[in-house]
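Q: Here's the letter readout for the chains.
There are 2 protein chains.
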Amino acid sequence: MSKAIILVMDGLGDLPDAKGYTPLSAALKPNMDRLAEEGATGLFSAIGEGVVPGSDTSHLNIFGYCHEKYYPGRGPLEALGAGFSLKEGDIAFRANFATVENGKIIDRRAGRIPTEEAKAFAKHVQKLRVGTGIDAIFQPTVEHRGILVLRGKKLSPGITPTDPHSTGALPKSVPLDPKDRDAKRTAEALNKFTKMAMQKLEKAKENKPRRKPVNAIIARGAGTYVKIPSLYDRFGVRGACIAGGALYRGVASYVGMDVVNVNGATGTFETDLKAKGKAAIQALWSHDFVFVHVKATDSFSHDGNFDGKKNMIAKVDKEMVPILLRGNCHIIITGDHSTPVKRKAHSGDPCPLLAWGPDVRRDGSTKFDEFSCAKGGLGHLHGTELFHTMLNLIGKGQMVGT
Amino acid sequence: MSKAIILVMDGLGDLPDAKGYTPLSAALKPNMDRLAEEGATGLFSAIGEGVVPGSDTSHLNIFGYCHEKYYPGRGPLEALGAGFSLKEGDIAFRANFATVENGKIIDRRAGRIPTEEAKAFAKHVQKLRVGTGIDAIFQPTVEHRGILVLRGKKLSPGITPTDPHSTGALPKSVPLDPKDRDAKRTAEALNKFTKMAMQKLEKAKENKPRRKPVNAIIARGAGTYVKIPSLYDRFGVRGACIAGGALYRGVASYVGMDVVNVNGATGTFETDLKAKGKAAIQALWSHDFVFVHVKATDSFSHDGNFDGKKNMIAKVDKEMVPILLRGNCHIIITGDHSTPVKRKAHSGDPCPLLAWGPDVRRDGSTKFDEFSCAKGGLGHLHGTELFHTMLNLIGKGQMVGT
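Just so you know, the protein sequences line up as chains A and B, in that order. Taking my numbering as reference, the numbering of the first sequence is continuous, increasing by one, and the terminal residue is 403. Taking my numbering as reference, the numbering of the second sequence is continuous, increasing by one, and the terminal residue is 403.
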């Protein structure tokens, strides 16, 4: 019992509907309710009370890394998640293939081109020299998405993005601080890349049959990659990550966790929950804790689909939780943030939290939902406190003083 | 429902009397109790657990401004509240007309002279040159009170006050750090002002008919005025302030809120609660949130008047809360600090807190008082967390990360 599984259902927390129900409170979830009854509940805020967590910063905190100290920006985390081999000092971006007409972005996703087609286009812009000693390296990922990395000396992420997050004028990148020379150099390199990529993509033979050309790459989420002390360095524990989404795999790999590949783990409603559960049990053999991520709860929230979210929770309860119980280990269940279906966006409301296992002090909880968790004996955990609570459960809590 | 009203009853929190009642728990307040039943409760500590908040620092935190970063001292806040047009770098003080005899203060309030009489005396000391390039500007406010501002270059608030907060010797101001040249210069200017003001007031014809002359001005609460980023700059929201007391208006205006004038808002038991409620509803049209302040609860506490405080709470419940409900918005009710009637002073006990509206997770609370709030689902909010919780309720929570 000296091990733990942390199950994160993305965007789990919600707000009451007109009848006072949340997807979690309305879901049929006898297994989770039993764990609450046998264990303890509480609330979890990955950043602070009322503050809206991003998906990247929240997971850093879940893994024990305070975002204020360790957040490198979204780009490097996505790059790591895509398996990009980053070097220290690289500036990484999330990038999109887009369609530009007369200098204006008319489609930020170039018609959501299929992954295979995107790969063909990517060959034209794989590696370009975009400044003295600066290379731009592009790697496609899923559909229109990809990773852009600027590699060279004296680069800075202090620049504006070339992806305006909407259609309209294609913006040039500029330094956030006009006096920042490194940022100026980086913005110039990014603008050079934009220009060269457009020239190369315009000429690409793959565009001939297309009505809407794939003729630009726009970038956002700049961040510098720096190696940080691993989970093992800091806490003496080894963790494994089981997640379909690239970002979660990226954060895990950034903090030195092992990322496990699971066939059928897609990050959608159809994801193979049983396969993920089994992989978690297997990973427990060689790790102190295993993080399991379920994405679809958040996707349903963003779509405003109450029943979809409710059913996904029920499915996790039925198909995954019984398998996790075979791990004979402590189990923690929570969300990284709330995504209320009525808001279709992340919110600052705390997430329900549940801890189960022999070293959990029972608190008389009877259910696992937003309302009963607010009165649970675990109280309200913030930031990295959840991770420290997990460490303590498995007997690896850090001593301060002697 | 994307707006909110924050109702602060000053000094609301209290301690149990011999029978175990607090003014809030003993008050007849069916409306607030219903809001608790339909919403959620908790506790609020404006500074920290057990720490005694000042009225200035607590309101800064209520508006989302951590006092450790943004507190400018009491003087500038009072000056802003009095409508004094401060310039950056001004050193502002709270000042009193006083009566001095043989170099000793015999009355710190010069017999609490009426406002109109004070205005006449103030004309003699409106603006004095008190050092090279340093002006002292005095503006009377209510009764014996006023604002003193030292304006000039290289001034510092690091000096001792000339108001000893008791009768006895009239102190000279000295720099807190003897090596601080700017503070030395400022203390000298203040001492020069004290001397010049005494000379001018002694000669004032208004003193002829008086047995107890108004012959000195003593100052305290030195602080430098610096412009800070507004609520709109920081959070993208517009707030309005409805308060009778100058200090609350000053803090609100310091953070860039609009201060609304309400006829009959006096800050006393007789204050026109209905007029304040109606003004709040009106201000909601053009603002994201409205702060409504009720002072008399605190005044009764300072007088040790249990029934007065209890009756004031009942009056707010009966006369103001029903009007606030017409705003069709989220409602938060709390205090800035506790002022137990048995102590007649601020204390570090947390304040009861209540949140109501469609996006509040009901927590099964049935009453609004110190005892039931301690078990409420909102938990215990500290410092700026209350403001962030309000922002999140109205869908304006800030995202950290992406």
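Just so you know, not all the hints are guaranteed correct.
One copy or two, it doesn't matter: identical chains are merged, so the pair holds either way.
Pairs of lysine-lysine residues, derived as PhoX-like cross-links and limited to a Cα-Cα distance of at most 25 Å, are as follows [what the hints assert, rightly or not]:
#, residue 1, residue 2
1, K70, K193
2, K397, K275
3, K20, K196
4, K120, K180
5, K275, K128
6, K213, K193
7, K397, K343
8, K345, K128
9, K180, K376
10, K20, K376
11, K345, K397
12, K155, K20
13, K173, K128
14, K173, K343
15, K20, K368
FYI, nobody ran anything at the bench for these hints, they're computed from the structure. Remember, predicted model here, so these are calculated numbers, not experimental data.
Q: Hints broken by the structure, by number, lowest first?
A: 1, 2, 3, 4, 5, 8, 9, 12 and 14
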